[in-house]
Each structure stands twice: as C-alpha cells, then as structure tokens.
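*Asks:* One letter stands for each residue in the lines below.
There are 2 protein chains.
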Amino acid sequence: MASDRIAHAGLAAKCRSAEEAAAMITDGMTVGMSGFTGAGYPKAVPIALAARMTAAHDAGDPFRVKVWTGASTGPELDGALAKADGVEFRLPYNSDPIARERINRGEMQYFDMHLSQVAPMAWQGFLGELDVAVVEVTGITSDGQLIPSASVGNNKTWLDRAKGVILEVNRWQNAALEGMHDIYYGTALPPHRVPIPLVRADQRIGQPTFRCAPDKVIAVVETDAPDRNAPFTPPDAAAHAIAGHLLDFLAHEVHVGRLPASLLPLQSGVGNIANAVLTGLIDAPFENMIAYTEVIQDGMLDLLDSGKLRMASATAFSLSPDAAARLNADMGRYHDKLILRPQEISNHPELIRRLGCVSMNGLIEADIYGNVNSTHVMGSRIQNGIGGSGDFARNAYLSIFMTPSTAKQGAISAIVPHVSHTDHINQDVQVIVTEQGLADLRGLAPRQRAEAIIAHCAHPDYRPALRDYFARAMAGSFGLQSPMLPGEALAWHQRYMDSGTMRS
Amino acid sequence: MASDRIAHAGLAAKCRSAEEAAAMITDGMTVGMSGFTGAGYPKAVPIALAARMTAAHDAGDPFRVKVWTGASTGPELDGALAKADGVEFRLPYNSDPIARERINRGEMQYFDMHLSQVAPMAWQGFLGELDVAVVEVTGITSDGQLIPSASVGNNKTWLDRAKGVILEVNRWQNAALEGMHDIYYGTALPPHRVPIPLVRADQRIGQPTFRCAPDKVIAVVETDAPDRNAPFTPPDAAAHAIAGHLLDFLAHEVHVGRLPASLLPLQSGVGNIANAVLTGLIDAPFENMIAYTEVIQDGMLDLLDSGKLRMASATAFSLSPDAAARLNADMGRYHDKLILRPQEISNHPELIRRLGCVSMNGLIEADIYGNVNSTHVMGSRIQNGIGGSGDFARNAYLSIFMTPSTAKQGAISAIVPHVSHTDHINQDVQVIVTEQGLADLRGLAPRQRAEAIIAHCAHPDYRPALRDYFARAMAGSFGLQSPMLPGEALAWHQRYMDSGTMRS
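Quick mapping for you: the protein sequence lines, in order, are chains A and B. The first sequence runs 1 to 504 under the numbering used here. The second sequence runs 1 to 504 under the numbering used here.
These aren't lab readings, by the way, just hints derived from the structure by calculation. Where is the CB? At the ideal position from N, CA and C, for every residue including glycine. Don't take each hint at face value.
Unchecked claim - Here chain B is said to cover these stretches of chain A; the calculated rule only asks that three of the stretch's residues, wherever they fall, bring their Cβ under 8 angstroms from a Cβ of chain B:
#1 185-194
#2 482-495
To be verified - Taking CB as the label site, the calculated pair distances span:
#3 B:Phe126 <-> A:Arg472: 28 to 36 angstroms
#4 A:Glu451 <-> B:Pro231: 35 to 43 angstroms
#5 B:Gly186 <-> A:Gly500: 52 to 60 angstroms
#6 B:Ala51 <-> A:Glu451: 27 to 35 angstroms
#7 B:His335 <-> A:Leu189: 29 to 37 angstroms
From just these sequences and the hints, can you work out the full model?
*Replies:* In structure tokens form, the structure reads like this:
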C-alpha cells in the first residue's frame with residue numbers, strides 16, 4: 001500500500017521495488033538523476049542499478065550508462081555506480097572519491113560544465129536524448145504535481161526531457177519542505193527567450209511543485225533514507241585569518257560607499273573557509289543581508305539564525321548532520337527565509353549580474369597575474385569540477401577567491417608563477433585572500449597584479465622564489481604585458497610531481 | 001561662427017580650438033575618450049594633447065594621463081598619445097601598434113577588460129574618478145542632445161561620469177546617422193538593476209541621442225576628419241576553407257533541427273576570416289538572418305546588401321574605405337537595417353544568452369583540450385586584448401573559434417599541447433575551425449576533445465608531435481582527466497622564442 005506521501009491514485013498504483021525500477025534502465029542509456037551536493041539524490045534505484053551492472057559484468061556482459069545530475073550526489077549514487085564501473089560518461093560535477101579515481105585513471109569520461117548551462121544545453125539537443133529520469137521527491141499531490149526534495153538542481157529539465165520517469169518518494173525528507181521551492185517554467189530555447197522577471201533574491205517567480213505528466217512515470221519507489229550530510233570541519237586558524245581579512249575588506253568597501261551596509265546578495269562556496277566567513281558575518285557590522293547562492297551550508301543557517309541574514313535563495317541544502325537535524329526540527333520557522341530554485345535560475349548569469357552578487361569561492365591555485373585554477377591538481381588531475389564558480393565569478397559585482405597560501409604542509413604553494421590549468425581568467429578574479437592577506441586586484445594591470453599577489457597573498461617561504469621568477473621574466477619574456485618564461489612557468493608543478501614538493 | 005551641426009546656442013558659444021580644449025587636460029588626469037575599432041574617436045584634441053605632452057617632456061615636466069575608451073581607436077588618438085609617451089594607464093582594448101609596443105616594453109599599464117564590463121565597473125567606482133570626457137559626435141540638437149557618431153562604445157557612461165566634457169563635432173560623419181542609434185538609459189548599480197527589455201536584435205529600447213547637461217561641457221571643437229578605415233584584406237585560401245567548413249556545419253545544424261533556418265543572431269569578430277564567413281553566407285541556404293554583434297564590418301554590409309541579412313545591431317562600424325564610402329553614399333537606405341548601441345548593451349551577457357547568439361571569433365592558439373588564447377603571443381606579449389570575445393563566447397548559443405592552423409609560414413602551430421595564456425576556458429569553446437577542418441567539441445570530455453582537435457584542426461605537420469605529446473601525457477600525467485606534462489607543456493613556446501620555430 002502506497003504511503004500518504006503519494007496522494008495521486010494513478011501514481012500510487014505504479015509503486016515498484018527499487019530492483020523492479022532499476023530493471024527499466026539498460027546498457028547504453030542516458031539517465032538524468034536528481035541530486036545537488038549530497039541533497040535530494042535518489043538513494044535506492046542507483047544502488048539496485050549498480051547491483052544489476054555488477055551482475056552483468058560478472059556474466060561478461062556490458063552495462064554502462066551516461067549519468068547527468070545537478071551537481072555532486074551521494075555515495076549511494078556516484079559511489080555505487082562508479083564502484084560497479086557502470087558509468088561511461090558523467091556530467092556536470094562530481095565530488096565522489098570513487099568516481100574521481102575512475103575519472104583520473106581515464107576510465108570514465110567526465111564533462112565538467114558550468115552549472116547554469118546544463119539545462120539549456122540539454123534542451124539544445126547536442127548531448128543526445130535523455131532516456132530515463134530518476135528523481136527524488138518529497139511527495140506527490142493528488143493532482144500529480146511533484147513536491148521537490150532537498151535540492152532542485154536540474155530536476156525540472158530531467159522530468160521534461162526524459163522519455164520515462166522513475167520517482168523516489170523519500171519520506172525521510174521533511175513534509176514541511178512543501179512550499180519552499182520556486183520552480184520557474186518560463187525558460188525556452190532562442191529565439192523564444194524572454195527576460196527572467198526576478199529582481200530581488202527573495203522574489204518568487206514560479207510555482208512550488210514540478211509538473212510531470214503521470215503517464216510518463218514508469219515507476220514510483222518509496223524510500224526512507226537520509227541525505228548524505230558530511231560532518232562539519234571546524235574552521236582552523238588559516239580559515240579564521242582569511243575570514244578576518246575579507247570581513248575587513250567588506251567593511252572598508254561599505255565605508256567608502258562602494259557597497260551598501262546590507263552588502264549585496266552573497267554567494268558562497270562550501271567548506272570550512274566559507275563557513276568561517278559566514279560565521280564571521282554574524283559579528284560583522286552588516287545588517288539585513290541576503291544570499292543568492294548555490295547551496296545553504298551550516299554557516300548560512302547560523303547567519304539566518306542570528307537575524308543578520310534576512311533570507312537565502314539557493315538550489316540545494318548542503319548541511320552537516322547537526323545542522324540538518326536543526327533545520328528538520330524547525331522547518332516551519334525557516335519556511336519564509338529559504339527559497340530553493342532550479343540551478344539554471346540560481347546560477348543564471350542574467351540574474352547574478354542583475355542582482356550584483358558578492359561572490360566568494362575557493363581555489364586550488366592562482367598565479368601571479370590572478371588567473372585561477374579551481375579544478376585540476378597539477379593541471380591534469382580533476383578534484384571536483386568548475387561547478388557554478390564560473391557563473392558567479394564572471395558576473396558578480398565583486399568576485400572574491402579564497403585559499404590557504406599553502407597545501408600539503410607547505411609542499412604546495414597556492415600562488416604559482418603560472419597556473420597549470422585555468423578556470424577563471426584574471427579578468428574574472430578581483431580579490432584574492434589567503435591567511436597572509438588580501439590583494440585587491442580591481443583595476444590593476446598584470447604587472448601591478450603580480451606585485452600585489454606576491455606581497456599580500458603568497459606564503460613568505462615562497463615569496464623570494466616568486467619574486468625571482470617575476471624579475472627574470474621581466475628580463476627574458478617575449479613581451480612584458482604578462483611577463484612569462486614558458487620553459488620554466490610550470491616547473492614548480494613538475495618538481496612537485498617528481499619530488500613531492502614545489503620547493504627547490 | 002559655429003557650424004550648422006551645432007544647433008544649441010549655449011554650446012555653440014563654447015567652440016574652441018583643439019589646442020585650447022587640450023589645455024584643459026593636465027598631467028595625471030583620467031580621460032574617457034570615444035572610439036571603437038577606429039570609428040567615432042576624437043581626432044583633433046588627442047593630437048593637440050600629444051603635442052602638449054611632448055612639449056612638457058621636452059621641458060623636463062611630467063605629463064601622462066589615464067585613457068579609457070570604448071575599444072581600439074585610431075592613430076590620431078592611441079598612436080599619437082603613445083608616441084608622446086603620454087599614457088600611464090590604458091583600458092579596455094588596444095590595437096594600435098605604437099601603443100602595443102609601449103605596453104609590451106612595460107612602459108604602459110594596460111588593463112585588458114571584458115568590453116561589457118567597462119561601463120558598469122566605471123560606475124562601481126574602483127577605477128577612480130573620470131576627470132574629462134572627449135567624445136566625438138555627429139551633431140548637437142537645439143535642445144543640447146548629442147547625436148552620436150560612428151560608434152557608441154562607452155560614450156553614454158563617459159558623458160554621465162566625467163566632471164567636464166569636451167565634444168568634437170565632426171562634420172565628416174554623415175548627418176543621416178541621426179536616428180540610427182539606440183541609447184538605453186535604464187542601467188543602474190545593484191540593487192537597482194532591472195531586466196533589460198530587449199528580446200529581439202532589431203528592437204529599440206532607448207533614445208537616439210545622448211543626454212548631457214550643457215553646463216558640463218567645457219569645450220566644443222569642430223572637426224572634419226575621416227574615421228580610420230583600414231583597407232580590406234581579401235580572404236585567402238585558408239580563410240575560404242575555414243568559411244567552407246563552418247558553413248557546412250551550420251547547414252548541418254539546421255538540417256538536424258538544432259538551429260532555425262534563419263540561424264540565430266550572428267556575432268562575428270573582424271578580419272579576413274570573419275569576412276570570408278559573412279561573404280560565404282550570401283550564397284548559403286539561410287534566409288532572414290539577423291546580427292547581434294560588436295561591429296559592422298565589410299562582410300556584414302555585403303550580407304545586408306544581398307538581402308540575406310535582415311538587420312544588424314552593433315556598437316560601431318569597422319569598415320574599409322570602399323565600404324565606408326558605400327555606406328556614406330547611401331546611408332538612408334541602411335537606416336532601418338542598422339542599430340548602434342552602447343557596448344554594455346551590445347555585449348551584455350543577459351542579452352547574448354537570451355537572444356542565443358551564434359558567436360564566431362578568432363584566436364591566437366588553442367590547446368588540445370580546446371582552451372583558447374586570444375590575446376598573448378608566447379603567453380606574454382599582448383596582441384590586442386580580449387575585447388568582447390569573453391562576453392560572447394561564454395553566453396552564446398553556439399561558440400565558435402576560427403584560425404589558420406599555422407602562422408609565420410608554419411613556424412607556429414595554432415594548436416599546441418597547452419595554451420601559454422587562457423582567455424577562453426574549454427567550457428566556453430564549442431567548435432574550433434581551421435582550414436584543415438572543424439572539431440565539434442560540444443558534449444565531449446577532455447580526452448575526447450584532444451582526439452577531435454588533433455585529428456580535425458591541427459596542421460598535418462604538427463599532428464605527429466601533438467599525438468606523441470598526448471600519448472606520453474597519458475602515461476606520465478598526475479591525473480588523466482586532462483593529461484598533461486607540466487615540464488614540457490609549454491616547451492613549444494620556449495622553442496619558438498629560442499629558435500624561431502615550434503618545430504623540433
């Protein structure tokens with residue numbers, strides 16, 4: 001008998017086991033799954049699918065699929081399918097360690113995309129057809145509308161584009177999520193696109209549910225399983241120092257009149273540095289703040305609780321177990337303070353530029369000119385992916401990147417002569433902050449940027465080598481707009497690969 | 001006595017010589033000049049200013065200014081001021097050879113910017129104050145409105161932001177330009193930004209003239225001097241081959257239903273390859289095309305004349321002397337087919353994504369993963385600047401880059417193991433075309449992109465070395481998402497610097 005979460009009789013009649021549903025997915029298919037940063041991903045069907053893949057492989061038969069999602073998911077999806085070697089192609093973002101290993105061993109094709117572009121590109125058609133959507137929802141209304149789960153991601157597009165839809169109705173998700181979402185149905189392919197009518201981060205422009213023709217639904221699977229909520233890593237001294245420099249800078253910008261006292265809509269990446277900044281904002285002299293971001297992390301919730309943050313718009317939750325429990329216990333209180341939107345809206349360049357976001361993201365390395373590598377360790381090994389950082393950094397009112405100045409106990413400098421891979425060109429990087437200090441690069445030409453970054457951001461242990469490289473580049477470069485010695489520019493990376501340290 | 005181009009008595013009374021006007025600009029000032037690709041730049045005041053600078057330098061006195069423009073200008077502006085060593089800082093784009101030399105000798109700070117961001121960043125304030133605007137106009141109406149010239153660029157912003165305004169009224173510009181411009185006055189700083197109400201390239205959303213409070217005008221200078229119109233370089237065999245591959249691809253996209261038969265709004269860079277593509281479109285099976293682009297070049301005019309292009313929206317003209325004469329002789333006929341807008345509108349990410357532009361730009365080099373360098377020869381010597389290519393490439397419906405596969409008689413390969421500088425990350429590069437062929441990179445992961453680019457785009461002479469590098473990178477890379485050998489990735493560039501060729 002179907003649960004009370006499934007109020008539509010026709011869909012209740014389609015309840016199947018995860019194994020029965022997974023059997024509808026076959027070798028070579030393209031599958032669009034829900035999920036964004038470990039929230040709202042399907043938890044039963046992918047595991048059952050992985051079991052079928054393993055069985056097929058054991059029998060000598062091929063069984064791999066193409067997997068599209070919102071962003072990262074959980075071990076029950078990316079981990080299970082990667083472990084079964086069942087993923088031939090993956091987009092647009094991954095943070096699962098098993099999948100990461102497969103990708104970096106060359107066993108899985110990974111198309112690392114701007115998150116705002118996934119839905120429109122799926123509509124464009126060059127990615128091919130979408131065979132099946134597997135989408136977690138909180139419930140199904142009596143008229144067949146779908147109540148979204150803890151992330152929205154690309155679900156609207158998967159439901160619209162897929163030939164068949166498998167729904168996971170997860171009763172673990174709080175029923176009070178209903179009404180928190182804002183699903184905008186006004187997108188189109190050109191020449192039929194119109195302005196997106198959002199002018200404030202707290203505005204609703206859509207409807208609270210997904211539409212999905214019931215006859216497209218090929219199976220409904222009931223689940224009762226928690227999201228993957230990664231434990232919270234408390235900020236360390238470096239994170240606090242970075243937050244301190246950044247908060248001083250924001251206060252200065254308010255003081256000189258370049259930012260309002262409520263700042264502008266905040267976008268924040270995840271991790272302990274981001275959390276230190278958000279927590280630091282609780283005691284900072286800014287009131288009535290608002291967030292227009294990708295995910296709601298612990299620090300964002302703390303900031304809401306403090307009363308300093310008025311509301312937050314995002315596409316997903318990304319909470320620790322403690323914070324998830326806090327949210328769940330008191331969902332009603334957050335109801336008017338949180339809006340979850342499709343990622344093509346949360347990350348839309350049109351909206352990010354219009355709202356004027358203050359964008360704060362992490363990086364792997366930056367070079368002396370402020371080009372940023374967010375994705376590839378030593379230029380080749382992907383960590384996670386570009387995610388939404390490009391959507392925000394290029395269109396933000398203020399584009400800030402943060403990192404400790406070294407990694408691996410000082411063996412890696414986050415400031416290098418030349419980035420080994422570029423995700424954010426220097427034009428899109430306005431401020432770099434490390435525990436050493438902050439470089440305000442706005443309006444500076446490349447040689448001026450180099451002076452500022454070496455002086456303010458690099459670790460003192462690496463400053464002499466950076467200054468030495470820059471001085472020699474000034475003498476031996478082909479041109480002096482962005483002085484460079486090609487034969488040596490990436491030597492620090494090669495040295496790390498050869499000797500385990502960038503130090504010479 | 002003021003000319004009939006100056007119908008406002010108060011402004012007519014402010015007529016001065018270029019020398020008198022130039023004397024209002026002093027050492028250390030920031031000057032916003034009109035001009036975009038050699039059209040509509042001031043032609044008298046900068047020369048008089050350069051003379052004053054030279055005289056000051058001869059007397060041992062400092063005299064340098066910061067120069068902001070729309071994009072490139074003419075020899076009478078960038079050339080004259082650079083020759084006088086009168087420019088301390090320049091933004092956002094330059095193509096003048098004398099200024100380029102100064103920049104690449106490290107004698108001038110050059111802030112190379114996304115063209116859509118110049119006006120909003122000038123409003124943000126971190127670039128500092130704008131002391132004087134020097135703007136060429138076609139005429140002044142009786143109520144003091146300014147009739148724009150052959151480019152719009154950032155003129156609206158310079159007129160609004162500058163403390164004092166010097167107008168050059170150039171009677172060489174065709175009086176029939178009046179009414180061709182669309183100046184949108186709806187922009188603002190956040191949190192006051194609203195949707196830009198443009199949904200079709202041929203739509204007018206503003207007014208035909210600039211507003212400028214007459215009491216801000218400190219001088220009016222009458223001129224009668226032509227724009228710099230560079231002679232047209234006829235397309236060579238490589239350009240025709242590139243155009244052929246690209247037109248076949250567009251026809252295929254129409255055939256499979258991914259583009260309408262009228263295509264989508266075209267954006268095209270300048271140069272003989274772009275002209276070959278535009279000319280090729282005359283005989284291609286597409287009707288009722290439209291352009292939403294930066295500049296109107298010869299090929300665009302030919303395409304208009306053919307009846308295949310319905311209209312073109314841009315921010316400036318960039319015509320050969322012949323084409324300029326043709327346009328001038330018959331301006332009335334083009335009146336309804338051309339719209340010139342501020343560059344913050346012609347290049348606005350919101351509009352480029354909404355309209356779904358088909359974007360076609362040149363490059364200096366691309367690497368095997370499709371990262372593109374548009375600006376820095378050998379990673380350090382700037383050629384021109386990023387211009388609007390980033391605005392278009394990231395937001396286009398279809399982002400295409402074109403180049404001959406080699407340069408310098410084969411001594412330089414346009415396809416390299418690793419770009420020496422990145423302007424366009426691989427996510428923003430969907431199609432690369434050389435005379436060898438076309439690589440459709442949409443939806444491909446990095447290793448797949450490498451195979452396609454080497455096979456279809458690289459010159460056969462360089463293919464073995466690229467395949468050899470890629471194979472060795474597959475064996476020796478830190479990770480295999482984007483295989484790379486940091487110690488060798490830029491060796492081709494160093495070899496060219498050392499020996500004059502990338503060939504080993």
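*Asks:* Each hint should be assessed against the structure and marked as holding or not.
*Replies:* Evaluated hints:
no. : hint                                      : verdict
1   : 185-194                                   : holds (count 5)
2   : 482-495                                   : holds (count 11)
3   : B:Phe126 <-> A:Arg472: 28 to 36 angstroms : holds (31 angstroms)
4   : A:Glu451 <-> B:Pro231: 35 to 43 angstroms : holds (41 angstroms)
5   : B:Gly186 <-> A:Gly500: 52 to 60 angstroms : holds (57 angstroms)
6   : B:Ala51 <-> A:Glu451: 27 to 35 angstroms  : holds (33 angstroms)
7   : B:His335 <-> A:Leu189: 29 to 37 angstroms : holds (32 angstroms)
Of the numbered hints listed earlier, not one is contradicted by the structure.
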